[in-house]
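Now for the letters of each chain:
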Amino acid sequence: MMHEPQTLTPATETKMTARDVKVFYGDKQAIKGVSIDVDMDHVTAFIGPSGCGKSTFLRTLNRMNDTVASARVEGAITLDGEDIYAPSMDVVQLRARVGMVFQKPNPFPKSIYENIAYGPRIHGLAAGKADLDVIVEKSLRRAGLWDEVKDRLHDSGTALSGGQQQRLCIGRAIAVEPEVILMDEPCSALDPIATAKIEELIHELRGRYAIVIVTHNMQQAARVSQRTAFFHLGELVEYGVTSDIFTNPRQERTKDYITGRYG
Amino acid sequence: MMHEPQTLTPATETKMTARDVKVFYGDKQAIKGVSIDVDMDHVTAFIGPSGCGKSTFLRTLNRMNDTVASARVEGAITLDGEDIYAPSMDVVQLRARVGMVFQKPNPFPKSIYENIAYGPRIHGLAAGKADLDVIVEKSLRRAGLWDEVKDRLHDSGTALSGGQQQRLCIGRAIAVEPEVILMDEPCSALDPIATAKIEELIHELRGRYAIVIVTHNMQQAARVSQRTAFFHLGELVEYGVTSDIFTNPRQERTKDYITGRYG
Amino acid sequence: MTGPAIFLLLAGLGAIAWVSARARALRLQTVARASGRRDAVHSLPGYHGWYVALWTLIPAGIFLAIWANVAPGLVTQTVLADPAAQSLPADAFSRSALLGEARNIASGAQAAAFNPAAQALVEPYRAAIREYGIIGVVLALVLAFAGGAYAFTRVRPDFRARTRVERLVMATLLIASLLAIVTTLGIVVSLLWESIRFFSMVNPIDFLFGTKWSPQSAALGYGNKDAFGAVPLFWGTIFIGAIIAMIVAIPLGLMSAIYLTQYARPQVRKWMKPILEVLAGVPTVVYGYFAALTIAPALRDFAVAIGIHGASSESALAAGLVMGVMIIPFVSSMADDSIAAVPQSMRDGSLAMGATTSETIRKVLIPAALPGVVGGVLLAVSRAIGETMIVVMAAGLAANLTLNPFASVTTVTTQIVQLLTGDQEFDSAKTLAAFALGLVLFIVTLLLNIVALRVVKKYREAYE
Amino acid sequence: MTVERLPTDWKSDAMQKRIARRYAAERRFKFAGLFAVALSAAFLAFLLFTMLGNGLRGFTRTEIALQVDFPASPLLLDPANITDQGLAGANLPMVTSEAAKKALGPDADALIAPTAWTAVRNAIKADPRILGRTETVRLPASTAIDLAAKSKGTPEAEAAVARLKQQGVLSTGFNMGFLTGSDGTDPTQVGIWGAFKGSLLTMLVTLLLSFPVGVATALYLEEYARKNWMTDIIEVSINNLAAVPSIIFGLLGLSIFLNFLHLPRSAALVGGMTLALMTMPVIVIAGRNAIKSVPPSIRDAALGIGASPVQVVFQHVLPLALPGILTGTIIGMARALGETAPLLMIGMRAFIATPPGGISDPATVLPVQIFLWSDEVSKGFVEKTSAAIIVLLIFLLAMNGLAIYLRNKFEKRW
Amino acid sequence: GDQGAGGGAGATRDQIRAVGSSTVYPFATAVAELFVQGNPGMKSPIVESTGTGGGMKLFCAGVGAQYPDIADASRRMKKAEFEMCQQNGVKEIVEIQVGVDGLAFAESKKGPGFKLTPRIVYEALAANPYGKGPNKTQSWKDVDPSLPAIPISVFGPPSTSGTRDSLAELILEKGCQSDEAMKALKEKNEDEYKATCTRIREDGKYVDSGENDNLIVQKLGANPNALGIFGFSFLEENKDTLKDVPINGVEATYETVSSGQYPGARPLYIYVKKAHMQAVPGLQAYLNAFAANWDPDGVLTKRGMVASPEDVRKASGEAVKSLPTLDGAALK
Ligand SMILES: Nc1ncnc2c1ncn2[C@@H]1O[C@H](COP(=O)(O)OP(=O)(O)OP(=O)(O)O)[C@@H](O)[C@H]1O
Ligand SMILES: Nc1ncnc2c1ncn2[C@@H]1O[C@H](COP(=O)(O)OP(=O)(O)OP(=O)(O)O)[C@@H](O)[C@H]1O
Ligand SMILES: [Mg+2]
Ligand SMILES: [Mg+2]
Ligand SMILES: O=P([O-])([O-])[O-]
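Residue numbers (our numbering), protein chains in the order written: chain A, 1464 to 1726; chain B, 1464 to 1726; chain C, 19 to 482; chain D, 305 to 718; chain E, 18 to 349.
Check before you lean on any hint, since a few could be wrong.
What the hints assert, rightly or not - Each computed DSBU-like pair below joins lysine-lysine, with the alpha-carbon atoms no more than 30 Å apart:
1. 475(C) / 456(D)
2. 406(D) / 191(E)
3. 334(D) / 288(C)
4. 683(D) / 132(E)
5. 95(E) / 683(D)
6. 291(C) / 531(D)
7. 1495(A) / 1567(B)
8. 454(D) / 126(E)
9. 1567(A) / 1495(B)
10. 713(D) / 291(C)
11. 230(C) / 1567(A)
12. 1491(A) / 713(D)
13. 191(E) / 260(E)
14. 1573(A) / 475(C)
15. 429(D) / 475(C)
16. 127(E) / 230(C)
17. 1491(A) / 381(C)
18. 288(C) / 321(D)
19. 456(D) / 1567(B)
20. 381(C) / 321(D)
21. 1567(A) / 429(D)
22. 456(D) / 256(E)
23. 454(D) / 319(E)
24. 429(D) / 153(E)
25. 1491(B) / 683(D)
26. 230(C) / 95(E)
27. 683(D) / 319(E)
28. 334(D) / 1573(A)
29. 256(E) / 230(C)
30. 95(E) / 454(D)
31. 1567(B) / 1718(A)
32. 456(D) / 126(E)
33. 1573(A) / 406(D)
Source of the hints: derived by calculation from the structure; they are not laboratory data.
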């Protein structure tokens, strides 16, 4: 097991850190002491076979595991040096700062406009209607969706295609000005063309946020990420620069996985 | 579209043939004219992205699609030259001859013994209790499970581990002396070790039955099969000797899929 | 021969048929199997057994069922031909009563005759019953043997006995499910038939839109014109069931569902849910009693205390409140289902945006679940307006068109009960009016249910 | 392109205030939910306590101990030959009344129940030898005395009670007769056994009719029915029947079973048939859900090795769905047990002083008995009504409890 | 129990069936109870309270096991009803007067102490007093200055109940006839007379209280200003919460009702089908049980029935024995 953080080139700015994180579902341990640093302006990919704990670990980063009654988290996770599990940390605000995009696009059954405006509204980020309009437009632009939907902002978000819905969800996350964006297999429900669009979008967003993406598709991890973490049975087996992991894995398990021996 | 059957080396004995098979779910066409030969003593792998119709086509081979009210099959499928969709064909006997193993291990909530004995019982294959005991032992041995369960034949089949359950299901299928065994992603719910065991089992069974396996895992297809069929959007894109398909695909789509461009 | 004995005899025959057919099939199959062809044998021996047993039992059983209805008539005719019957009284009822008594004694259903005249007939009855009993049993046995023999000759290894037996099983299941249609037809026919008679006496327009309900004046012979205006009943029904009850049930039910599903600890939920469900399990007659004796007087005292005029001790409010409480579990389980049907991903999506739980519920879950909740409320309304005992006992009989919840109103169901029990008058428009009211109630609840189920179903599909 | 926004200052005062407001709203909302649950539960508790408070007294009765000098009384009875007929003609009411007057004063008839003589009869029946001596027999007190002794009565009755207490002849004990008796006109003498037996017989008919038909229908619809117009009609019928107001079933029973088929009025047979029509859809719907919850993988597994559809259903699906079906059946039966309105329509509301002997005898059922007693003149019936309600509720709660237990025990997650 | 009506051997019944008046119901059930106690082994008679009118309809529907044996009535059989019976083959009917009942008027113990006359009742309750247009009176004072200014609110029996018929006949018609024009109308136009004199207002002042007499009693307790109309026995039974309202200064007591001095006194009857006497076991014994208990010190008076005068009782006792057939000509 590796409790020592696996840090990479010192040139990068660290946004989030995890130290010896353990997650339990009831009696069952899903994450067995993971330490990792998430860097600013990079895309970090989590890969590993099904059930290895990628999603579980990702969800500890914005405390979404709080919503699972049986889940319990140990260890320390910080955002900008602040402990996110400290009592003084406000979950509601934390989640605004660490946004999340899910596997299945999950727009609210409201209009496109309302989907984007939802976050700014509940957090009181817009001074008025005009301000909100500005936020909605900007978020949709960043999510690469503006041109496709600008004429039908008041149509239902669920009427969009799968890929558009996923970009809408990304836009919704962006609208509250997060610092980190977590994505849990954002393309696995999409067709190849929509997948390519999202991958492109991730490229564009990279400069502005720290992005963590979980993926099943190793080719995708190779294409979009600069850092890759390989999980297996709740452990972080290897973490490193993506190109190194794929061409020159240090661990046997990583190699076996990448070459399709299991999973 | 390829309506011509893709037959391979003439040396092999053909067990089942499909000619221009089309499957509809209501108005929706899931299989768009597939012709293929399944050979005796070989393992045939069906690969392709999610939803391309692998399972649908597999289930036409033992008429499991009859149980889906909306499903409609066109074209001709034969087993040993006999049309399996002919009115004179007794589905119940067909399914005994063409056994099936499913993605999720699905033992009956009964004892291990009863799981295996069920098929021989309903088909009247055993003359008495002693005969049945012999069949149960032989089937469990062939399924590579005998040594693990021989002391607890009367424990519930659902109390076994996932891999054991899947081998139990294979044993259950073997117990009625099938000629063909269809497997729909038999390992996708299993861990690597259990997967390896099943793959080994498939190797051993190969000489006795014609085996068709659907898999998501291309490495698995490469490891266990001698023939590979690549499906995409309900079409059979390419069918050939496994090593050829993986090293030297003739179709662009096959190549893109194998190299992880989509799926 | 008595019923149970015949039954046992037939059962024995069936068992014999089963055993012998099975043995034969087994023997033939062992031979056939030796030939090696897999499809040489079709069905398990047990199916052959069942096939022959059913052929033995069903024709004989059908015959006996018919015979049981025909034989008594034949027996009676034989007895009437007996000299002892000449002394029977001419009057039909006494005559048939005597005959019935004699028959009861003869068949052992009665110990002794109340009427000495019946005693003379007992012996002839006994003889006739015996005679026809023997005839029936013999015929049944002949049928059983014939059926069994025919089926037995068909036992061959490749005979598809399983298919035949299973076909019968399927037919039985199908017939069972047709009973639902028969019941529905029964309801429609029985309501429609009497309603048509009613509407031949009372103009449907007067009935549906008249505002004066006073069947008593019809009964007193003042004509039907102004007596059967059902609007006050419709209003009372709506006022109690759709307005007052819903004002209680919707907020309490919805909030209970929200609390139990979204906030309560699993342990609390595990206990509270069945406790609330008890509210729906309490018989309505108990609610009625409670409403009439405890709630209504209290409400009346309260109304008088705050100076409300026309407060009645049978108030719409008492019935409506109690009915609302009864409906709470209904609304809450419908709301529960609807909220649960909103995909978890919606909830996750909102929480991940930094919304609090209540914001998530109010702004995402409820709007998303709204069609389901509305459908559930419609179902609850349909239940409330069909509810009978609470209103019978607590709402009163005064057909008032009033908005005052402390006043007495009456409902459709109350009037149905009132018209058909108690002081009834058969075959007058007054009695028939009950069926017309029933028809209206049936149609309205039917429509409500169809609409509600549509809404709920559509909504479910939206998330599937 | 639009203006760049500054990063949000999550720590600002305004933001903190906003957060505090949002949390306050959160707490209010949660409290509203808790309040709703508590209010509903409180209503239930209130209902139950009211019934218990009124009804527990119904299970006891007040008795007056009376010395009867049998040899001296003008009994028309042959001690060697005690028969029911003989006892009925033995002038017992008069003997009892005289004895009471002698012991308790001239107003004794107002103190003992009108049917008190039956207690003397039972005493003789139990031991004919008492005819040879003076015996103490415990007679039920009249309603007025009973009420006054147990709670509050009229001033006269209160006075009488005080007097009787002083004489030491008054006692209150468990009223066994309430559990073994039938309907009557004197509240001190009534019992619920008649109605209870009527309920049992009715439920028996209901169960025997609705369970097989309901299960068969559920199986047919869930496992075999192809989608066509006929199954559509069956489905619509069943869903509608489940929602048709119960009183409509009463109208159906009245016009089809009674007026058309001329089945016996007031009988458990007709009541059971009417309720079976009502219960059947409940069983069908519960059955379908239970059958649906059997995972398709089990069916696939069985079909996959060549089981026929009938084998799949009867060997795999039905055994696995049975707990769910039973749960639904119990709930449906519990509903039928509490049902009143449809039975009123078919005449199960008559006065019947002996328990029904079979399903074609006139009978009444518990809820109807409650309805009838709630309408009685005598005050003594108030506590009897509540007591009958307690009995009914105990049964319903037990049935519902059983259903919940079954549901929890067999709730399977595949 | 009933047997299937298979073949010619008709249905039998081993239980007596009685239907009819809710006023007679408590007495009929009490007798049923005595009958069971006195005849061990016999099944309990089945008594259904359907109201006198409803009972007559059922009773007169025919002869046979599915039709009742006895109709209880709180008024005499009407000519029309008798004719219906005849039409349906119920030829021989025996009429037995079992007792007397008073149509009692009552108020809460806390009530104002009404003093009424038939005229007052008529003017307060008639739909169309004296045919001079709809009843506009709101309070008792509007009817008669001697009465308090309390809103009129009367709980009473519903139509087709014998009690309602008695109310019409014994009180309303008397009050109505205080107007000479009405007497004249009776001669001229019977129907219009009936309508004017017996139709009760429907504006909520008179509340049709169904069968649930008990609830009336309770409501009076809760509402001191309301007036209730019901059988004398109900009043007796609830002396602790209710008090009597005198009519013409006569209070409803056992004595005044029995002697007929009380204006609201009326006879109670049962009607029996002679054709059923043989066929239904125990019917004669049931009638005997009635006769054995209708004396002034009998069980029925303890239940609130008022015993008939001595001569009537004697005649009735004879009737129970000899079962004379009712002559339709004697009816109205
Ligand atoms: N809510 C939960 N309760 C209990 N166990 C859970 C829960 N969620 C996940 N698990 C378990 O925790 C382990 C890790 O699950 P997780 O979903 O994190 O895996 P994953 O790597 O995301 O897999 P996948 O690729 O299938 O999404 C698994 O064994 C899973 O069964
Ligand atoms: N019962 C059904 N009714 C309607 N459409 C169906 C049904 N089953 C499958 N389909 C559709 O038919 C197509 C082929 O499905 P199929 O399950 O055969 O794909 P697959 O290749 O096995 O995918 P996977 O790898 O996800 O198992 C899909 O579009 C699917 O949505
Ligand atoms: Mg995951
Ligand atoms: Mg598949
Ligand atoms: O029930 P009644 O006595 O009023 O006819």
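(request) Check each numbered hint from earlier against the structure, then list the numbers of those it violates in ascending order. (result) Result: hints 1, 2, 5, 6, 11, 15, 16, 17, 18, 19, 21, 24, 25, 29, 30, 33 break, sorted rising.
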